[in-house]
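Could you slot chain G onto chain X? The hints should help.
Those protein sequences? They're chains X and G, same order as listed.
With the working numbering applied, the first sequence corresponds to residues 1 to 286, in that order.
With the working numbering applied, the second sequence corresponds to residues 1001 to 1349, in that order.
Since the hints were made in silico from the structure, they are not lab data.
Ideal placement from N, C-alpha and C gives every residue a C-beta, glycine not left out.
Mixed in with the good hints there might be a few duds.
[As the list claims (entries may be wrong)] In silico contact screen, one side only, chain G against chain X (beta carbon under 7 Å); selected entries:
1. F1070
2. D1119
3. P1120
4. V1123
5. L1222
6. V1224
7. F1256
8. D1260
9. P1290
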Amino acid sequence: MTGGASLENPYLPYPVRIDDIVVETEDKNLKTFKFVFLNPEDEEKFAYTPGQFAELSVPGKGEIPIGIASSPTEKGHVTFTVNKVGLVTTHLHNMKEGDVMGIRGPLGNWYPWEEMEGKNIVIVGGGFAFTTLRSSIVYALHPDNRPKFKDIIVVYGARSPGMLLYKDELAEWEKRDDIHMHITVDATDDPDWKYNTGFVPAVTEQKVTSSENAIAIVCGPPVMIRFTQPVLEKLGFPPERIILSLENRMKCGIGMCGRCNLGDQYVCKDGPVFSLAKLKNLPPEY
Amino acid sequence: MANKVFSKDAWLEALGGLKEHYRVFLPLKDGDFFTYKPIEEAKKIHFDYDNTRLSPKGLIFPQSERMFEFSLDTQDPEANILKEAPKDDSPRAIVGVRPCDAHAVGLVRRNFDNPEYRDPWWVKHVEAATYVGLGCNAPCATCFCKSVGGGPFNEEGLDAMMVDLGDRFLVRALTEKGEEFLSRVQGGEAADEEVLKEARELAQKVTDEMPDTVPTGRLKDLPVMALFEAPFWEEVAFACLNCGTCTYLCPTCWCFDIQDEVYKTEGIRLRNWDSCMFPLFTLHGSGHNPRDQKFQRVRQRFMHKLKYYVDKYGDGVQCSGCGRCVQFCPVNIDIRRVCGLMDAYEPGA
Chain X
1 MTGGASLENP YLPYPVRIDD IVVETEDKNL KTFKFVFLNP EDEEKFAYTP
51 GQFAELSVPG KGEIPIGIAS SPTEKGHVTF TVNKVGLVTT HLHNMKEGDV
101 MGIRGPLGNW YPWEEMEGKN IVIVGGGFAF TTLRSSIVYA LHPDNRPKFK
151 DIIVVYGARS PGMLLYKDEL AEWEKRDDIH MHITVDATDD PDWKYNTGFV
201 PAVTEQKVTS SENAIAIVCG PPVMIRFTQP VLEKLGFPPE RIILSLENRM
251 KCGIGMCGRC NLGDQYVCKD GPVFSLAKLK NLPPEY
Chain G
1001 MANKVFSKDA WLEALGGLKE HYRVFLPLKD GDFFTYKPIE EAKKIHFDYD
1051 NTRLSPKGLI FPQSERMFEF SLDTQDPEAN ILKEAPKDDS PRAIVGVRPC
1101 DAHAVGLVRR NFDNPEYRDP WWVKHVEAAT YVGLGCNAPC ATCFCKSVGG
1151 GPFNEEGLDA MMVDLGDRFL VRALTEKGEE FLSRVQGGEA ADEEVLKEAR
1201 ELAQKVTDEM PDTVPTGRLK DLPVMALFEA PFWEEVAFAC LNCGTCTYLC
1251 PTCWCFDIQD EVYKTEGIRL RNWDSCMFPL FTLHGSGHNP RDQKFQRVRQ
1301 RFMHKLKYYV DKYGDGVQCS GCGRCVQFCP VNIDIRRVCG LMDAYEPGA
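This is chain X alone, in the form it adopts within the complex:
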């Protein structure tokens, strides 16, 4: 397990080349970018753990903090799924395979993998926040890691079938018996839709039956988190075993520029992963 950007200069991105771009969603607002390091030795320095993020650096436009969607078990590249919202992301969406840019990281902490060993893992995700959860699922399902964990239960929801990320992988995971997938959409008029319909908190309440020996990791839009939290508490998850990944506006990513704090904690350096127990004692400025 590692954390931290380049020791010499934590602001200096590693140069990378865009190797592949996949349009993920029907609104074309989400694209997954696969990056290859220009200097192969940088890949080793960029040793990360699921739950961490990095700053994508588009020279001339700026940097954006984005969760790492690939798993450290996938070698030779790193991937990020980016929602088009502002200056940098819009520019990035217009870039092409072969273009050179930078990534800086890995940054922040990660999901509590050591603590999750020997336990059931409940993964609850919504919308385009599923990225570090995808990293987590791929990591946990890897043959080297799968024996470390008991049941893996996933509830993942999106507005509509076309808004789900990683559709091919979701279909593959559905077929496996070592992971319990509960995919849902808010609503659909597709008569062939074979999965769930309903909001993530409701589906979580239906499908997750026990909190025994389990840790829940939750990543999604604020409204989903707000309504999922009481469901998990009702199921008996204590706040120490409800793990949330937060977002805030960031620049430096290393706890120096001052904007992403919740009290004395920086989302970029002390997070983005926090237990609900910890968050209950911090100003809710996220």
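For chain G alone, coordinates are given in the frame of chain X:
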């Protein structure tokens, strides 16, 4: 450590002779105020300011600083690859620093130089600097260094200290850097015990006479959420214009922004001072803003300095008592009063 006494004229002349060893910066009169400038720009040097309007933080943490340079020229094989921008980290002497501003460097160090990360530029700029202080014979009405762990003759963060003895300056080396500085200063005489005693007595008298009026003792023990939810923030923030003056003048405010700028095919990445007073500081791409209301931003500034920092480092507040924010706030928000409100707060009362 060496101690030397200079007549005032001899001291000014000696400073002028340091060019081959240091870039010398000192407070120079700039309109109605004093500003740190290179000694070459001095028409007249007078060490008779209360303090500079802007703190000397910009000399080690420039208001705008180039981080990286890059080419966007598609013909350039190195296009889009960031290179560190060259810096001048030759030795610099910052002369006439008030003790509060030197004390602030140590408070800020915890942010830029910690076991997890080091900010390479801040660290190198500080390493290149020799801080030569000037003790405060007459603290201003807005000064409160004594309440926040400093004092008018506090030596923390200084490499050498000047004491104004009327017609002479006593200059005392406090660190190896200060020793080196003093060895390079021409002229002056070794200070005898009588001069040292005179300086000690002056420092003691000024320090004793300075009021210690800002309570900070309870901040550490009050629950963070109780202070965060305290009822006085709306009232404290009522008149605030969110102009950011307090954060720009503050020697302990370190927040910054990172931006890219491009001219034709040449680009730079730079960092600029930023301010928690501005809504953009925390605005998400989605439009959500965790601190979209003025009182939340004002609360953030005071809670950061007087509670979060206290909790994080366990060694006092993130304020050196220089009083600039008190003096220059256009609507008279006074950190001493806010600190008093926080320190006296009784949750649930």
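Which numbered hints are broken by the structure, listed smallest first? 4, 5
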